[in-house]
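The listed protein sequences correspond, in order, to chains A and B.
Following this note's numbering, the numbering of the first sequence begins with 14 at its first residue and continues without gaps.
Following this note's numbering, the numbering of the second sequence begins with 193 at its first residue and continues without gaps.
Bear in mind the hints are in silico, worked out from the structure with no lab data behind them.
It should be emphasised that the depicted structure is a prediction, and the values quoted were computed from it without experimental measurement.
Do not rely on the hints blindly, as some may be mistaken.
[As the list claims (entries may be wrong)] Partial list, computed: chain A residues near chain B (C-beta under 10 Å): (1) LEU44; (2) ASP47; (3) PRO51; (4) THR68; (5) TYR99; (6) LYS102; (7) ASP107; (8) VAL108; (9) THR109; (10) PHE112; (11) LEU115; (12) GLU118; (13) ILE130; (14) LEU133; (15) TRP139; (16) SER143.
[Unchecked claim] If the Cβ cut is set under 10 Å, some of the chain B residues that face chain A in the computed set are: (17) ALA761; (18) PHE762; (19) GLN765; (20) ALA767; (21) ALA768; (22) ASP769; (23) THR794; (24) ARG845; (25) SER848; (26) TYR849; (27) MET854; (28) ASP859; (29) LEU860; (30) THR1064; (31) LEU1068.
Glycine is no exception: its CB is placed at the ideal position from the N, C-alpha and C atoms.
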Amino acid sequence: MGDLFVWLVSFLILIALLIIVVYQLMCLADLEFDYINPYDSSARINKMILPEFFTQGALCLFFLMTGHWFMSLFSVPYLYYNVRMYRDKQHLIDVTEIFNMLNWEKKQRLIKLSYLIVTLFLSLFWMIYSALEDDEDL
Amino acid sequence: MATDNPGRTNIPGRPATTPFAAAPPQAASPFMSSVPAIRPDASGFRPFSTPAYPGVSPFSSPGPVPVSEAPGFRPAAGGRFNDPSSALPGPPPSQVSPALNYIQRFPTPQFTTTNQPISVGPPPTGRANLAPPLQPNVPPPQPPFGQPSAAIPAFRPPSQTPPVPIATPLQGYVAAPPVSSSPYFGQQTGYAPPPPPMGVTSLQSREPMQHPVSGPPIGNLPGLVEDFSSLSLRAVPGSMDPGLDAKELPRPLEGDVVPTSLSEMYPLNCHPRYLRLTTNGMPNSQSLVSRWHLPLGAVVCPLAEAPEGEEVPIVNFASTGIVRCRRCRTYVNPYVTFTDGGRKWRCNICALLNDIPGDYFAHLDVNGRRIDMDQRPELIKGSVEFVAPTEYMVRPPMPPLYFFLIDVSVSAIRSGMLEAVAETIKSCLDNLPGFPRTQIGFITFDSTIHFYNMKSSLTQPQMMVVSDVDDIFVPLPDDLLVNLSESQKVVETFLDSLPSMFQDTLNVESAFGPALKAAFMVMNQLGGKLLIFQHTLPSLGVGRLRLRGDDPRVYGTDKEPSLRVAEDAFYKQMAADMSKYQIAVDVYAFSDKYTDIASFGTLSKYTGGQVYYYPSFQAAIHKDKLKHELARDLTRETAWEAVMRIRCGKGVRFTSYHGNFMLRSTDLIALPAVDCDKAFAMQLCLEETLLTTQTVFFQVALLYTSSSGERRIRVHTAAVPVVADLGEMYRQADTGAIVSVLCRLTIEKTLSSKLEEARNSVQLRIVKALREYRNLHAVQHRLAGRMIYPESLKYLPLYALALCKSAPLRGGFADAQLDERCAVGSTMMILPVKGLVKLLYPSLVRVDPYLSTKVISQANGVKDFGERFPLTIESLDSRGLYVFDDGFQLVIWIGKMLSPDVARSLNLDFAADLSKVNLSSTDNELSKRLSSLLRKIRDSDPSYYQLCHFVRQGEQPREGFYLLTKLLEDQTAGTGGYAEWIMQIHRQIQQTP
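Sequences are here, hints too, so could you generate the full structure?
In structure tokens form, the structure reads like this:
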């Protein structure tokens, strides 16, 4: 039963992460179509970057603590990438170069998004699996 | 005689031509027994329009009947290909209306196009392109000549022998006007190549078309082919055998040459000083773009200074409102067409039919031309300025505003910088633009920040000192910026006392960051221009910088590029905020030590400003330069709170922009201040795989506030033909623009990669481009041991070499100071094409003959009194006196054996230090003449002041520093000379990729 709960929590965290990344992508798309100016766009995105990093780190740690080392390992590359960006001070969007970086920023977030979706499906799978297992135990 | 090589090269370029172009001459040759008959063709030589004439003129000409046969023949060819093309009848006819002039020329570009498609593209495309162009000139003869191909072969046999004699006279004729004739040559090539004996594989596909024309003569014409091809030389093959002759190498000794073909073809285009494209033939497909390895884009200088009499006309649409396209917002321009009796106009960029506002209505005459055309500059001039109504303002037009942020630390005082600056500003007060509204303000800083209240009611300026640099605030926020006309007395008093106020300071700190923030707080209500005079490296508060540029170990590692970008995010953030509030930053840096121009440059980079760098400033030496450049900065006509956008026809899109500005949206350039010395580059790409239009239009629009407080829109419009052949793109290439874009791309590359890599990328591009060109020709020609390049790009390899040897890119750690690299790099990012080309390949002129002649010529400019020499040490004769001019400084080189008279009269004391020579102190004919000469050189380019340095032959290290390292054709410090460079490129071209 506890396992199911763990998967449920991770599922919620993943949804939160997905929302953050999608929000960033939307800001970038708005910028591209000239609905908002680069100052607002980059301010909005930058506000969401550290929360994203922390949530992701928390998720990774959560997996590790609950003993799901495979899932933990699976999210380590993402974490490593974030840490590296942070260390190089590349994580924030640079408003002066935002248009030149637009494609790259979008690509990067799309990759993150697909990565998260894969993780989401994996954890869904585990959730259902553990639910079924619980069933069998009964 | 330029017989064999040149000719042969050419053939490949225009193989396509054969079927059509071939027609007239060939047909002509048999019948025309005399050279004059050919005249109609020949005389037309220069413009592209020529091809149009042969079609038409013969009809009207009183020439013998057979001659008319010739033109007739060509239309036939057109007719033959007509069917597929009939789908595209649109463009040419629609273009007709704007101007008759235009009509006549119109066919030309297409015709050129015509030749190409076959050679390269798939036949269908080629045909599609051909037909429309031919149509306009040809209409009448078309029907009768339905099956011309059959007819010709019939005529051919008799003609076989005659061609030879005829060829010779023609050749002679052609040889005479070498340069201008180029486009026409192309045509000739067309008929030249009755398939060369080597068997032209690439031509196979169109063999059927060609056959009827060229079939018969094959056997006995080889000699003729050689002769003919030699005339039609398009590409100059530089014969680059191992022992190549350095004298033969092409050198741009005339400076920047602007290709004129486009303005001849489209006389309504804006002048190239405003807009230059890297190639004046727009590729019609993406595959062509990918084979054009050079940058594809444009260099725009929207406010370039026009010579007297050519000023941009100002149009006021007062009641009508500015006429623009509903959909794409294009401004009305000479290329729009009027229909429906003058009630509608068709946008030339998006082809939308727009209504004409009532007040703008005018009837059309029989030609479909507006009857009031001549009174409307916007319909006959490519450059025009509209007065913008209130819809174009987000706030009332701002007054010109100058704010000065001056470093008053001890080193600034000692170098004399403060005094020179104060003096110059004072002398310019009366000439600041926008007289009654101009605003001015000052802040000085060392370890504290000093504000000055200069309200007009005061007699003395009031100084306020803020010493809390961590939490900066602005005392008296309302009185720090004053109206100059009201407070001029106070400002003058202030500037007079400024140097003495800080005379005895011992402060070595600099709270630059906080001072910058304070200036920002004062200015952000209005925007304007912020001039920063900086001497000591910022050491207090935010934006502190450290000495980071003097570590040789960083070079060659991954950390190297970070030296060339701002160290502290503070600078980028400030730059972005300043741009948002319409503040432009000009940085004047004076230090003798490392001052981190990379960080300071960021401020001007994103705000449309520029960096002036005076290393080791000493008032005694550099004062003139500072005074001139600061005065120009303050007094030149400046456009405030500007935005710029460049629109282009459907299917083409601008993708990236390069220069000093900030992008406000994907294609909107924000320029808080812009003036005639700033140019911007942009690259474009094709959105669709195939362009179906014949012409692409570009429109640059700059919306700005003039110093007089009027909101204006400056609009430049240009039309460019679309071509379907790579050879034509090369032929229409504009070296100056290419070099300018390439240079900006490369400098941007140095911000993220090592110098070595940036240099390699330049070389690689050149190699790829020339290899592609070689492949175009390689099939039919024996090119072994020769390097071929298009005539239009003959200087490109040299400029690329110059770029690799320029300060921002050359060598490694020791070859240039980091600050110098950044400062020159930043300057190169804004230089208009002409200045850049001069900086890359400076002029070297011998002046002693000019000085010793008795007559003082009225020469204006350098050209009139002497030829330029190649930049190699062999050009320097030790008996001469040379002036080296790169647009930023003059170096006067004194030969060892210069006649003692000259030396004496110039008061050159060789024992003393030549850096202190002062021409004005001597009063005699020779020195006067030399100074008048220098004045002329300086007047020819007033953007910057060329400080003069004297060096004597053999005087080390000054000679090396000022001149020898700049002789870029020589081998210097590890980098090869021009000849080696060419060899290297040649070798790489030959290696198959």
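Mind listing which of the numbered hints don't hold for this structure, in increasing order? 4, 5, 12, 13, 14, 15, 16, 18, 24, 30, 31
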